[in-house]
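**Student:** All chains should be modelled from the sequences, with the hints used to inform the complete structure.
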Amino acid sequence: MQWWLPVQASTFAPQIDGIFTAILIITGLAFVVVEGGLIWFIFKYRERPGRKAFYTHGNVKAEYIWTAVPAVVMVGLGLTSNHYWNEIKGRNSVPPNAYPIKVHAKQFEWLFTYPGPDRRLGTDDDITEVRNKLHVPVGQPVVLEEESEDVIHSVFVPAFRVKQDAVPGMQIRAWFIPTLIGEYDMGCAELCGMGHYKMHAKVTVQSQADFDAWLAKAAQGDIE
Amino acid sequence: MRKVGVAGAFAVGLMALAVAGSGWNGAQAGATITGTIKFTGAKPVMAKIDMSDEPVCKAKYQAPPTKEDVVVNGNGTLANVFVYVKAGLPATYKAPAAAAPVVLDQDGCRYHPHVFGLLVGQTLSIKNSDGIAHNIKAKGVKNRPFNISQPNTMTTPRTFTASEVMVPLECNVHGWMKASVGVLPHPFFAVSGTDGSFKISGLPPGTYTIEAWHERYGVQTATVTVAGAQAKTQDFTFAAH
Amino acid sequence: MTTVAATHDVGHGEHAPSGFWRKYIFSTDHKTIGIQFLFLSLFFLLLGGILAMQMRWQLGFPGKPMPGGGILPESMAPGGVILPEYYIQLVTMHGTFMVFFAIMPLLVGVFANFLIPLKLGAHDMAFPRINMASFWFAFAAGMVMLASLFVPEGAARAGWTMYAPLSARPDLSGAELGQKLWSVSIVLLGLSSILGSLNYITTIINNRAPGMTWFRMPLSVWSLFITAILGLLALPVLSGAAIMLLFDQTIGTHFFDPPAGGQPLLWQHLFWFFGHPEVYILILPAMGMVSDIIANGSRKPIFGYHSMVFAIIAIAFLGWIVWGHHMFMSGMNPTLGSSFMISTMVIAVPSAIKTFNWMGTMWRGNLRFHVPMMHAVAFVAMFVIGGLSGIFMAATPVDMHIHDTYFIVAHLHYVLFGGSLFALFGAITYWYPKMFGRMMSERWGKIHFWLTFVFYNLVFFPMHNLGMAGHMRRIYDPTQYDFLKPLQPLNTFISVCAFLLFASQAIFALNFIISLFRGQKAPQNPWLDNGLEWTLPNPAPHGNWAQIPSVYRGPYEFSSPEVEEDYLPQTRKLPTDREPAVLSSGAPS
Chain A
1 MQWWLPVQAS TFAPQIDGIF TAILIITGLA FVVVEGGLIW FIFKYRERPG
51 RKAFYTHGNV KAEYIWTAVP AVVMVGLGLT SNHYWNEIKG RNSVPPNAYP
101 IKVHAKQFEW LFTYPGPDRR LGTDDDITEV RNKLHVPVGQ PVVLEEESED
151 VIHSVFVPAF RVKQDAVPGM QIRAWFIPTL IGEYDMGCAE LCGMGHYKMH
201 AKVTVQSQAD FDAWLAKAAQ GDIE
Chain B
225 MRKVGVAGAF AVGLMALAVA GSGWNGAQAG ATITGTIKFT GAKPVMAKID
275 MSDEPVCKAK YQAPPTKEDV VVNGNGTLAN VFVYVKAGLP ATYKAPAAAA
325 PVVLDQDGCR YHPHVFGLLV GQTLSIKNSD GIAHNIKAKG VKNRPFNISQ
375 PNTMTTPRTF TASEVMVPLE CNVHGWMKAS VGVLPHPFFA VSGTDGSFKI
425 SGLPPGTYTI EAWHERYGVQ TATVTVAGAQ AKTQDFTFAA H
Chain C
466 MTTVAATHDV GHGEHAPSGF WRKYIFSTDH KTIGIQFLFL SLFFLLLGGI
516 LAMQMRWQLG FPGKPMPGGG ILPESMAPGG VILPEYYIQL VTMHGTFMVF
566 FAIMPLLVGV FANFLIPLKL GAHDMAFPRI NMASFWFAFA AGMVMLASLF
616 VPEGAARAGW TMYAPLSARP DLSGAELGQK LWSVSIVLLG LSSILGSLNY
666 ITTIINNRAP GMTWFRMPLS VWSLFITAIL GLLALPVLSG AAIMLLFDQT
716 IGTHFFDPPA GGQPLLWQHL FWFFGHPEVY ILILPAMGMV SDIIANGSRK
766 PIFGYHSMVF AIIAIAFLGW IVWGHHMFMS GMNPTLGSSF MISTMVIAVP
816 SAIKTFNWMG TMWRGNLRFH VPMMHAVAFV AMFVIGGLSG IFMAATPVDM
866 HIHDTYFIVA HLHYVLFGGS LFALFGAITY WYPKMFGRMM SERWGKIHFW
916 LTFVFYNLVF FPMHNLGMAG HMRRIYDPTQ YDFLKPLQPL NTFISVCAFL
966 LFASQAIFAL NFIISLFRGQ KAPQNPWLDN GLEWTLPNPA PHGNWAQIPS
1016 VYRGPYEFSS PEVEEDYLPQ TRKLPTDREP AVLSSGAPS
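Line by line, the protein sequences give chains A, B and C.
For the first sequence, this note's numbering assigns the number 1 to the initial residue and increments by one for each residue that follows.
For the second sequence, this note's numbering assigns the number 225 to the initial residue and increments by one for each residue that follows.
For the third sequence, this note's numbering assigns the number 466 to the initial residue and increments by one for each residue that follows.
Please keep in mind that the hints were generated in silico from the structure rather than gathered at the bench.
Wrong hints could be hidden among the right ones.
Pulled a few chain C residues facing chain A out of the computed Cβ check, cut under 8 Å [what the hints assert, rightly or not]:
#	residue
1	801
2	802
3	830
4	846
5	940
6	1001
7	1004
8	1006
Just so it is clear, CB atoms sit at the ideal spot from N, CA and C, and this is done for glycine as well.
**Tutor:** Below you can see the structure in the form of structure tokens.
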């Protein structure tokens, strides 16, 4: 049983999990105050014969406090989150040397194109249409060049905390740095038709040597 | 002696009338057109199909399967060519009722058969022998398109209401899976097999336009005239390009 | 500001209708129309629940034949096993029926119609015939949507959010007629909402009784007023988008079709520009009615009435500039993501203000836990969870992980079910005597409350964990994914609890129906409340008052030192009260 967030397999994961945990603490405190308060009031102020409620229309000072405190917290949270948002999704956030992999999304498969030894997509040595297998080298930036053939799909790798919709008519980039060698799952995170649940790809993070070896075999049409 | 001769002639005449009056029984009489689909030019190398992500299907093969767009047989003939009567049947012709459903089987993540014919109104039994999720999308133009899924072992019947050559079928989960069905109002069609030959039998006498369709190499037509129980040969040649 | 109100007894000229058809079917009486909406919406609430139970069957027991599934056609569930294309129809139609045909009409169609004239001291709505038209458009919309379940190829299946191009192209969705009918139904529904909003806004501005100033209106009416403005401005956007979608589906336009120059993101912007105000339409009336009920149950004035009003206005205003938070991952310019994130963080603040004010109302009160109060307090408790979970998704980096997962499903059900639906259970129970002249059973109401509360939390709280683990939405078979296989027992647990939750609603249904005939006859003011409606007999007569009453105070004067009882109706005149001045135009001072 998995109660918490998945394994952290990219540099984004600890950052995002950190924000998640911070929000959990803040909201957890709010939760305890509100729910605890409600339960306490339910018992302490329940109707008893001869009691009368305290006749008041409010307290302006209390209003200021419980307006200002949430406002400050929320704006602070927003600004902190925005810092990481710009790093992850900003227009200029993709590292210039990122290893490009094309993701062609279609109903209902993922077709990956790997750049050949020249590390550039769109050239003759590309290894095209690798089905449902995303191999990436550990420790290096990778950028997915996403496109869709038909409807909106969405690349989602929970272990990387990476998600980006693939929209027909648009070329969208999503980057990450894998940090943990292993095998992970990729799913489609935008309803795309009756086969939406079948758009499952395997993501393999490998050492540079293993990755190169796999890529060489894939170039021969020997995909494993 | 003369009486026997007249009676005999009368009996033969009655029998002939009986046969004629019983309606055209295509299966037991009629002309036949046979032929071979030849292939000239360099045999194209078909890409291997990567089934590594579908182990249930991959396990069904010894050698890796290849794409089926072009299947050139060992004897230099072309398989999966749909040959059919395009024109020439009398206006009064009525096809016999379809006997049994045609089975389209998804086995090893491939359609079996790859190319086939179906009568208008005949049941197509779409069978999933793989037990894994397939969807079947029929991209008809004259026939209403449909898109249905089969998440595990099951059989779904469908029918087609209009004559259409050909209706493409595909699976979207496995992009290499493609088939083509020719829906016709008559049973005079055949598909070239592993020896490149085809045979259309039971034809009423007449002059027919025969068309041979291949999914990559297009169509070729020929005119054939048959009478009685004749057997005629009509070959087609497709060239690599 | 001086306000104009028509307080002359104008409604009096209209004779009470006779004959079954004019009285019950083609009625222009706001109360009858409200009750018509009630029966229509409760039907769709039940239908939405039935669709959800089928979804939960497939998720809890993937690929197994569903009990009773044999009655479904082979195209949906051969041998009772739900097909993937049927599953996504269930997902789509559950959301569609619940949002558009259950919760929205229950909150607005029922309670705006029923309560506004009664709580303001008016004979009826400003435009009774337009009001009747509003109901019948909603009815027609509902019938079209219902019909779409039964057409060849089945219903729409691109999610209630109906993203294009999947929704626009039948070659991609597999459904043609069902998708078109969805668009048609939504256009009709939009028309119903717009007509309703016109009435509510006009009535509230113009038809208040003498002395019913803006800041003496109950929060239920304030929230319905603001909601009506939201509806008037937002529904045309939805209808416009639905018409564009219908054109793409029928007459060959390509607004949303990229190969022909269209843009999928255009649909999303249009839909969510409507869709975000829509979710505030779905919560504000609930908040308003909860305020009324909590003040009553606490026997105390609402804490911070003016703050509560400003919070409603703030939520509504901010609600227009947050829509992009549904689109953080859509491929939209990331800079827009930043601006939408900030506005979304800010919109949490007025909801927090409201929560603290509800708690302030209960603080040092004399809490009476009648069934509506139980639901209202549960509303606060559950809505808070929904609101807090929203903060996670507002933080854009976190949203990258939880967008389109069950974390979102948990959030939306905490605010729509834990929030709106609990408020509705309370509100229906509270105003039932006014509608039908009888009381619902208190005992069965409490049993229903507890069963619903327990099972509801068991169903939806674990969905947060599913989402954290990365469980995507709208997935027919989670066991296809290795990382989801360990979570499957939780899916099964949720499904079983969901079946029990659904079964528990039979108690509410039976309580509702049986009480219509066998419920205890209601006293005039069973909850000892201050609102104007409780000065009328139960059920209230056509035209409401023969003589419009005068209003002397706000609606929340509970435990006032001026009187011995712990409540003080708005229309009760004390020796110290002056008559509200009525100008020659009929406006109160």
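**Student:** So, for every hint listed, does it hold in this structure?
**Tutor:** Here's how the hints hold up against the structure:
no. : hint : verdict
1   : 801  : violated, 11 Å
2   : 802  : holds, 6 Å
3   : 830  : holds, 4 Å
4   : 846  : holds, 6 Å
5   : 940  : holds, 5 Å
6   : 1001 : violated, 26 Å
7   : 1004 : violated, 28 Å
8   : 1006 : violated, 33 Å
Taken one by one, the earlier hints fail for this structure at numbers 1, 6, 7 and 8, listed in ascending order.
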